[in-house]
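Student: Spelled out from the first residue to the last, the chains are:
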Amino acid sequence: MSDQHEEHSSSLGFYVGIWITLMVCTGITVWAAFLDLHQFNAAVALIIATFKATLVVLFFMHLRGAGERLIKVWVIASIFFMLVLIALSMADFGTRLWS
Amino acid sequence: MFTRTRRPPLHDSAATAHHAAHDNPALLHHFAEESQQRNAASLGMWVFLAQEVMFFGGLFCAYLIYRLKYFGDFGAASQTLDIKLGATNTIVLIGSSLTVVFAVWAAKNGRRSMLLINLVLTLILGCAFLGIKAVEYRSKFVEHHVPDLGFHMDEPTHIPGHPDIPVNQRHAEMFFSLYFIMTGLHALHMIIGIGLFLWLLIMAWKGRYTPQYNTPVEIGGLYWHFVDLVWIYLFPLLYLIDRHP
Numbered sequence: 001m002s003d004q005h006e007e008h009s010s011s012l013g014f015y016v017g018i019w020i021t022l023m024v025c026t027g028i029t030v031w032a033a034f035l036d037l038h039q040f041n042a043a044v045a046l047i048i049a050t051f052k053a054t055l056v057v058l059f060f061m062h063l064r065g066a067g068e069r070l071i072k073v074w075v076i077a078s079i080f081f082m083l084v085l086i087a088l089s090m091a092d093f094g095t096r097l098w099s
Numbered sequence: 001m002f003t004r005t006r007r008p009p010l011h012d013s014a015a016t017a018h019h020a021a022h023d024n025p026a027l028l029h030h031f032a033e034e035s036q037q038r039n040a041a042s043l044g045m046w047v048f049l050a051q052e053v054m055f056f057g058g059l060f061c062a063y064l065i066y067r068l069k070y071f072g073d074f075g076a077a078s079q080t081l082d083i084k085l086g087a088t089n090t091i092v093l094i095g096s097s098l099t100v101v102f103a104v105w106a107a108k109n110g111r112r113s114m115l116l117i118n119l120v121l122t123l124i125l126g127c128a129f130l131g132i133k134a135v136e137y138r139s140k141f142v143e144h145h146v147p148d149l150g151f152h153m154d155e156p157t158h159i160p161g162h163p164d165i166p167v168n169q170r171h172a173e174m175f176f177s178l179y180f181i182m183t184g185l186h187a188l189h190m191i192i193g194i195g196l197f198l199w200l201l202i203m204a205w206k207g208r209y210t211p212q213y214n215t216p217v218e219i220g221g222l223y224w225h226f227v228d229l230v231w232i233y234l235f236p237l238l239y240l241i242d243r244h245p
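Protein chains in written order, with this note's numbering: chain A, 1 to 99; chain B, 1 to 245.
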């Protein structure tokens, strides 16, 4: 518990740092969208978005330093099952002979 | 979710009598200690958010399938969205996430005025987001880009990068269906979040939150960050596709 408390009380400047990083990443996303990266535009946009999401979850939502390990299990499980949802749907979509 | 953790009255209730050894009157009798109570509440919010991941995950999956199926038409339809408004909204939401972490920090450290200021700032930014969204929706109605309401997209006429392929109106309409469903549900979450934060503001004004008891601020903050997180994905997927010349 004590380390969690430290995390909360010693980090106003740290939060601002995370916020600046998120702002810079937003700028990079917009800038990258206007570059011709062929098929990689979407991948770059999603990688930046995932990086931003990771920062938000770890530091703004305090997943890093969360007292309860069960919370981490839930986060991993929700991401895993969302990927299962997408992967199996795409497997279905990709193997149908739709016109 | 909040009723379980609501602070009981300060006078001699059963809960306080049972826990005379603890000096926190907010500790409910079925929890052994404060940290257990706090973890139970925040785990509850995380479980709710896991459900939200599946909920929005289904929509993102639908988006992915139609994007692959109607690739160029989605790119063309996306050009009609205003990047400046979308980017401004992203900045507004990320800013509100900062005020939310400040509010949570203030609640944990017993800084009442800082907590109140940050809750008010969050509400202002949340309303600004919805206001900008309303402006965007209005222009979509004016331009007849709303599915099923006399939908027609005059510009662009051709698929980006392929000047010889005209846009299929029905496929473009599908983009706008997903646009309105996804941003609409996101906006609904924002409205609920603003309701939650108004309630937090009232309770903070009454001085309910102390360094010993601030769980509602913390889990309200979790919800707000999640809504921000959804927008982090919506912005590039809806506004920034096929923009390069």
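If you're looking for bench data, these hints aren't it; they were derived computationally from the structure.
A quick note: this is a predicted structure, and the numbers were derived from the prediction, not measured.
There's no promise every hint is true.
Footprint (simulated), chain B over chain A, 3 or more residues, beta carbon under 8 Å [claimed, not checked]:
no.: 1; stretch: 15 to 28
no.: 2; stretch: 31 to 38
no.: 3; stretch: 41 to 47
no.: 4; stretch: 50 to 58
no.: 5; stretch: 66 to 80
no.: 6; stretch: 83 to 96
Incomplete in silico selection of chain B near chain A, CB under 10 Å [stated by the list, open to error]:
no.: 7; residue: Phe60
no.: 8; residue: Leu123
no.: 9; residue: Ala134
no.: 10; residue: His225
no.: 11; residue: Leu240
no.: 12; residue: Ile241
No residue lacks a Cβ here, since even glycine has one placed at the ideal position from N, Cα and C.
Student: Does the stretch 66 to 80 of chain A contain three or more residues whose Cβ lies closer than 8 Å to a Cβ of chain B?
Tutor: The restraint on the stretch 66 to 80 of chain A holds, since 10 of its residues have a Cβ under 8 Å from chain B and three suffice.
Student: Does histidine 225 of chain B pass the interface hint, meaning its C-beta sits closer than 10 Å to a C-beta of chain A?
Tutor: Holds, about 5 Å.
Student: Take the shortest C-beta to C-beta distance between isoleucine 241 of chain B and chain A; is it under 10 Å?
Tutor: holds, 7 Å
Student: Under the criterion of a CB-CB separation shorter than 10 Å, is leucine 240 of chain B in contact with chain A as hinted?
Tutor: Holds, because the Cβ-Cβ distance from leucine 240 of chain B to chain A comes to roughly 4 Å (cut-off 10 Å).
Student: Establish whether the coverage given for the stretch 83 to 96 of chain A by chain B is satisfied; the threshold is a Cβ-Cβ distance below 8 Å, and no fewer than three residues must meet it.
Tutor: holds (count 5)
Student: With a cut-off of 8 Å between beta carbons, are at least three residues of the stretch 41 to 47 of chain A near chain B?
Tutor: Satisfied; 4 residues make the cut.
Student: Have a go at the leucine 123 of chain B hint: is there a Cβ in chain A nearer than 10 Å to its own Cβ?
Tutor: Given a least distance of 18 Å, the restraint on leucine 123 of chain B is violated.
Student: Taking a Cβ-to-Cβ distance below 8 Å as contact, does the stretch 31 to 38 of chain A have at least three residues touching chain B?
Tutor: holds (count 5)
Student: Against chain B, does the stretch 15 to 28 of chain A show at least 3 residues with beta-carbon separation below 8 Å?
Tutor: holds (count 6)
Student: Closer than 8 Å Cβ to Cβ for three or more residues is the test here. Does the stretch 50 to 58 of chain A pass it with chain B?
Tutor: Check passed, 4 qualifying residues.
Student: Are phenylalanine 60 of chain B and chain A close enough, Cβ to Cβ, to be under 10 Å, as the hint says?
Tutor: This interface hint holds because 7 Å falls under the 10 Å limit.
Student: Given a cut of 10 Å on the nearest C-beta pair, is the interface hint for alanine 134 of chain B held or broken against chain A?
Tutor: Check failed: Cβ of alanine 134 of chain B comes no nearer than 22 Å to chain A, outside 10 Å.
Hint compliance for this structure: hints 8, 9 are broken, all remaining hints hold.
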